[in-house]
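*Asks:* Chain by chain, the residues run as shown.
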Amino acid sequence: MKRRTLILSGLGTATALVVGWGVMPPRSRQGGADTMPVVNGEVGLNGWIKIAAEDGHVILAMNRSEMGQGVHTALAMLVAEELDVSLAKVRLVQAGPEKLYGNVAGFVASLPFHPADSEPGHETRVVKTGQWVMAKLARELGISMTGGSSTVADAWDVLRLAAATARAQLLGAASLEWKQPIAELSVKNGVISHPSGPQGHYGLFAKAAAATPAGDVILKTAKQWTLIGTPAPRTDLQAKIDGTAQFGIDVRLPDQLYAVVRHAPAIGGSYGAVDVDAAMKLPGVERVVRLGTYAGSTDALAVVGKTYWHAKQGAQALQVEWHAPPIGVVSSAAINQALERSAREAAKSEGGFAFYSRGDVKEAAKNAARQFEQVYRAPYLAHATMEPINCTARVADGKVEVWAPTQMPGAARAAAARAAGVSIEAVTVHVTYLGGGFGRRLDVDFVGQAVRIAVETGGRPVQLVWPREEDITHDFYRPAGVAVMQASLDAQGLPIGLTITSAGDAITPRWIERGMPALAGPIDTPDKTTSEGLFDLPYGVPNQRIANVATRSGVPVGFWRSVGHSHNAFFSEGFIDELASEAKQDPVAFRLALLKDAPRHAAVLKLAAEKAGWPGFGQERPLPAGVARGVALHESFGSIVAQVVELSLEGGKPKLRRVVCAADVGTVVNPMIVAQQMEGGVLFGLSAALYGRIDIVDSVVRQTNFPNYPVVKMSESPRIETWLVPSTRPPGGVGEPGTPPIAPAVANAMFVLTGKRMRSLPLIA
Amino acid sequence: MELSINGQMRPLADAAVDPGMPLLWALRDVLNMTGTKFGCGVAACGACTVQVDGAAVRSCVTPLASVAGKRIVTIEALGSAAQPHPLQTAWLAHQVPQCGYCQSGMLMAAAALLAKNPNPNDADIDAAITNICRCGTYPRIREAIKTAAASMRASNAPAAKPAVVRRA
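Protein chains in written order, with our numbering: chain A, 1 to 765; chain B, 1 to 168.
There may be inaccurate statements among the hints.
[Claimed, not checked] Which bits of chain A does chain B cover? Going by a derived footprint, with three or more residues having C-beta under 8 Å, they are:
| no. | segment |
| --- | --- |
| 1 | 95-109 |
| 2 | 245-258 |
| 3 | 383-392 |
| 4 | 700-707 |
[Stated by the list, open to error] Pair ranges (Cβ atoms, derived):
| no. | chain 1 | residue 1 | chain 2 | residue 2 | range |
| --- | --- | --- | --- | --- | --- |
| 5 | A | 707 | B | 19 | 22 to 32 Å |
| 6 | B | 150 | A | 230 | 18 to 28 Å |
| 7 | A | 125 | B | 80 | 57 to 67 Å |
| 8 | B | 150 | A | 55 | 33 to 43 Å |
| 9 | B | 55 | A | 657 | 24 to 34 Å |
| 10 | B | 7 | A | 715 | 27 to 37 Å |
| 11 | B | 63 | A | 513 | 56 to 66 Å |
| 12 | A | 619 | B | 63 | 51 to 61 Å |
| 13 | B | 80 | A | 715 | 30 to 40 Å |
| 14 | B | 150 | A | 421 | 51 to 61 Å |
Don't read these hints as lab results, they were simulated from the structure. All figures in this text were calculated on a predicted structure; none of them were measured in a lab. By construction, the Cβ of each residue, glycine as well, lies at the ideal position given by its N, Cα and C atoms.
For reference, chain B alone in the conformation it holds in the complex (with noise of 0.2 Å):
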């Protein structure tokens, strides 16, 4: 089997995956690209949000079956240091993440909402990232978003405002 993950085709031996297997597996346990995180097995909490053709995905049901042929992109093609998506630059403006675990499928869900929709409102937020964080970086992820979209939309260097801290 053959995969497309971030515009390389990456051979998966039959022997090491199978059709049934989520793709979030072959991920993480056969290619070592581990920026893909596990965290339920269910869908339900998002940690494992790769984008499948542009949408975002959960890749921990996602059988490698449905994928083949398709765009897969992943944590790992997102941006770097260097060439910062423009989420990532807003994510260290706001300085979002705590332990950092649901970061990576946040930062996913986040880039396919921007892809379809620029200028997200509170309830476009709310609907597309539903993914879990436990510890709370809601309220920053939201505004690092709103900070992503204006400079994508302004298309050149992010300005974004420091975080809210205030000492009385």
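The following block holds chain A by itself, in its conformation from the complex (with noise of 0.2 Å):
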């Protein structure tokens, strides 16, 4: 099949409704104005945006998970800019189930199209057509989801015009009840106002607005903008210093159980006889729940009790004959060394599935004044989020209520039906903050396990914990991968030909089978987390060919932070890096040679050179002997970072003094969040280039806890600094695009220091 068709056909069981469907116009996202349930006399406008008539507060229908990235301030933010109200007066309420609040652009940048076919205004026939389908798709099945830095891209326009048009509404009933004509009304902080004298504040014109038309919305313009581009505040602090910002695990309801959970030791295994007389004796313990597999999870046992204490004692306490899985018991060693056959016989024979061909590699191979080959491998890693894996449930009356830390409710709405054997209707999700995300809480698993237990409390509460045991040994992992990367070099020693095949587990089709069945087609189609990072290099390297061989390797996998651009920026940034080497370059002027069409990238990477002081970059900063620099570049989620870290080694470790990062997200919403996210990008991914690994043996994951499964504390972390690169594109993502370049911008530094390349992570065995 042709790369084209397979693209399109590839939008899944999606392509059949696509006839006749196709000529509707796109499902509308604004809603109606009874969309959100009222109550205290509050006026629904749209299906975003309410206002309170007591005191003209706005109330924002919020359809996406606070988990650290700041989205509950940014999305307030802006309505509150489009409304002309501080953030202070912004309220928010969790979205219901409705399709409205699906996620359109998350789903429509999963597409594996060319970033250089695909620019804004500029896209090729066939990325309109698969984004204009994709984006039809999205909006009819409506999948609430948090992830992949999609949330302020996806809510841009349509928040903004919902806001914009509530404010036009608003002002509309105040023209009319004044009889002022609405050019003549000014707002300030939600108190709407005429110069003649009359004011009042938005509640008292709610209740007409929502029958007055908007007329013509006019969003403002970038010039006009109050809050957008400020460091504004985050809203949800207060609560997350006091102690008092209720996680999923922090739910208390009244009569509430306890439940702690032990899967079968081995991925995938089960269990034969228990005996339970043990546990049952110990005080606090209430009964042992059977648990099957809920949207991919393990079996496992649940014990119940009265406090997360008993209920692990009663856990421990257990005798149980566990078994292996039936099929397919795996072990990482054998995996890798399969990833690594998979991708060098793919190499040699142009396998594998081409993200992306330009040129004609084997031309360029014959043109080459010589060839370069390095092979790259990552390993699997766990997530451990810092709130342990949990859900309360509650099963009464036929109905069930789930309080989730999820970044899917929807998907967590109808894992807790099918678990509970009800309709989806009688199921309500509440939607926590969540202690940490990082597409691990985009797997719905534990919602399943926990309404099950439900069921058997007799309708008592009950709160799943998993213990930070089962959580790295029972997780969804970040697939391992290995790379060839291939270089056909000039006499110059520059690249007239890149091939890099690669070989790893698809996530996105296992992810759809376990937590979204009705959604799974009968065939894998091109997984673009597979090859992120490795087909969409902005590199002008003329003949390219870049494949990956999709394997199933048996090991549960996931999305983790940034995805399949975890690894695959180390493989291409610390081969890239390597190249330069081989010129005889510096890292920073070969790559922006390689720049020269790609205006933005060379941008953040000049950026970061300046401001770490990179020599022949700026004002040039000396470095202590002992002390060198690394620096890369990468795009994903629709941004563009850069990174220069600078380190010494201390006892052969890598000790970082210093990261620059440099970004174009696009346009800006809140600076101080972007740069939090840089932050927390940069040392979430070097503690999986330092020290992340998960060993897989006869099924059995060998890491268990921190202290086998290190992650940099206090004493490892740099300081760091984030520039933003002006733009006035739309906004790209932010929470996931500073963990990719960390990785190799380490490995890079410390060539500088040992002479030695490192192509394999993590960087400390």
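Got two chains here, separate frames each, mind docking them using the hints?
*Replies:* What follows is the structure, given as structure tokens:
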């Protein structure tokens, strides 16, 4: 099949629906005045905005989960801007399950198009068609997902339009009441006034506004913004410094019980005979619940008790005959070998699926002065969110109520319905704060488990908490990956051909199968996550073939902050740095020479170099002896990030002093939150770069908790500076793009100190 | 059993707890004081940090029997929006938290540090704050501790610098 045909059919089960449906206008994302439920004199104006009649506060339907990335603040800023209110006057209420709250941008971004073909306003016909169909499909499905660094990009037009429309209706109502032209009215912090004297807050006009047409709605221009682009303080921080923020694990209901899960040790394993006597004799232990598979989970036993502690004691006291999985026992060492074999074989035979082809790599190889080839490797990784996996559920009177720290409330609802055997309408999902998500909470296995346990507790609510050991050993892991990197170099050492052949598991089809089985297709279509960060490089190499062999290794894999970019950037930016060495050129200058047709990338790289004092760029900052710099540049989720690290070696271990991070993230809604996310991205990536590895032997994960799955701490944390390139483009992603560049930047700096290239993660074996 | 928590004697029914139960679970699941967090259960991450007689202690491995008669202080008593601890003021000035889950433990560890050392340098902070944060708030925590220390030394309202954000 040709690539183009495959990509269009890659829209999966949707393709058949497109005929006929395709000519209908896209489903509106504004919603009606009656979409949001109202209480106490609130007035709905559209699916996103209601107004509190008594004080004129704006109530925003919040359709995304706050897991640290600042979206509760950022989305409120969009609305506050267009409605001319302070952030303090925006209250959040969880959005309902309606389809208008689904994520469109995140799903459109999952299409495997090359950035050069999908530059906004200059998309090729195939790209335009594919994006249009996917957007329409996403609107139809209405899947609520917080992920893919897509929240602000998705909300950007929708929320501003909803808020501006509401404002126009409110002004229209005031105009009618005061009999004054709209053009003469002004708004200050939610209070409408006319120069002749009358004034009143939004609440006074809300009821009339609901029946007043908005007329022509015009969004503010960037010059008119007073809030967007400012480092407004986050609205969720007071609760997070005084202990009152409610995470999923903090839900406390009358009569609540606690459950601790104990999975079969082997991934996909099960249990035979279970002796519960010792456990049931312990004080505070109430019952043992047998769990099957829920949305990809391994079979498990859950012990219910009066507190976590009682339940945990009970779980430890269970005598269980554990079984290995009947087929498909896996070990990471064997998988790594198989991946390398697949990648090497495909590299020889032009195998795998080519996500990008340009020119003729064979011809380039013939014309080259020499060939350069290296193999790069990355291990499985766990997420290790600070808040352990948990979910609280109550099943009573045919109704199910779930309190969950989830990135997928709709999928959580469906999983709860399946586990309780009720219709989806009988389930209510309350989304709490998430103590970290990083992609782990895009899966809903723990929701099914919690509901299943709650079915057994006679109507009493139960909070399921996974001990940390269960989290590390039963995660959906970042897939291991191998890439064969081949370059054809001309006489000057410049690359005229680039062939990348990687091998690794596709994440998206596995995730859909377990979390949204109704949407699973019969065959795997090419999954962008396998090749992102390789097929979409900005470097002007005239001949390229970037392919991936999608494997099914049998390890449950999931989305992990920055997904494919998390390891592919290490491969590509390590290799580009090697090519610079081969050409005997400065790493920054070498990259810039290949970025003549990528001005945004070049600008970000130059900014990072200048701020870091890189020799030849701006004011040079000499480094003390024993300290070296390394650089990496990477685009992901619509944003471009360059990082320069300064590090020394202490006992053979890299010690980072400083990270200079430059980014073009498009229009910046809140530069403070962007800086936070860059810092967070760097440190999350640094933990993985230095230490992160999950080893699996006979389907059992060897790492169990922070002592053997270490992450960086304060003493290893460098100073991190963030510099932003001004941009008028729509907002790009922010939560993930800071993660990919740090591993190659560190490895490239270590090469300067040691003369040794590091091509396998983690860097400290 | 009775424990001194945040200046109050709190009775714990014998049926609800046993002497070997870690303090964390008495706080969270018996007294419903959920500000103190569970992170690892093995004293590795510090999310459960509270103060016992002024020292930072990991409550997930601290049996109730060992804290009888001692003064326990949790995040709930560190300060409030109306009357913040200088660390909380600095935390807001530097916009420290992201997901926020580890922050109770971080604040309690930092408060114990400042009570002993009014002017900690980087090495002191590295040694005292061994808690884990997965969001990467360490650089801001470091700055916020220094800001709070300075304001406590000056013993007047802190004048914290805004967080490091520059636009080129």
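*Asks:* Now tell me, hint by hint, if it's right for this structure.
*Replies:* These are the hints, each one checked on the structure:
no. : hint                      : in the structure
1   : 95-109                    : violated (count 0)
2   : 245-258                   : holds (count 7)
3   : 383-392                   : holds (count 5)
4   : 700-707                   : holds (count 3)
5   : A/707 / B/19: 22 to 32 Å  : holds, 26 Å
6   : B/150 / A/230: 18 to 28 Å : holds, 26 Å
7   : A/125 / B/80: 57 to 67 Å  : holds, 60 Å
8   : B/150 / A/55: 33 to 43 Å  : holds, 39 Å
9   : B/55 / A/657: 24 to 34 Å  : holds, 31 Å
10  : B/7 / A/715: 27 to 37 Å   : holds, 33 Å
11  : B/63 / A/513: 56 to 66 Å  : violated, 45 Å
12  : A/619 / B/63: 51 to 61 Å  : holds, 58 Å
13  : B/80 / A/715: 30 to 40 Å  : holds, 31 Å
14  : B/150 / A/421: 51 to 61 Å : holds, 60 Å
In this structure, the hints that do not hold are numbers 1 and 11, in rising order.
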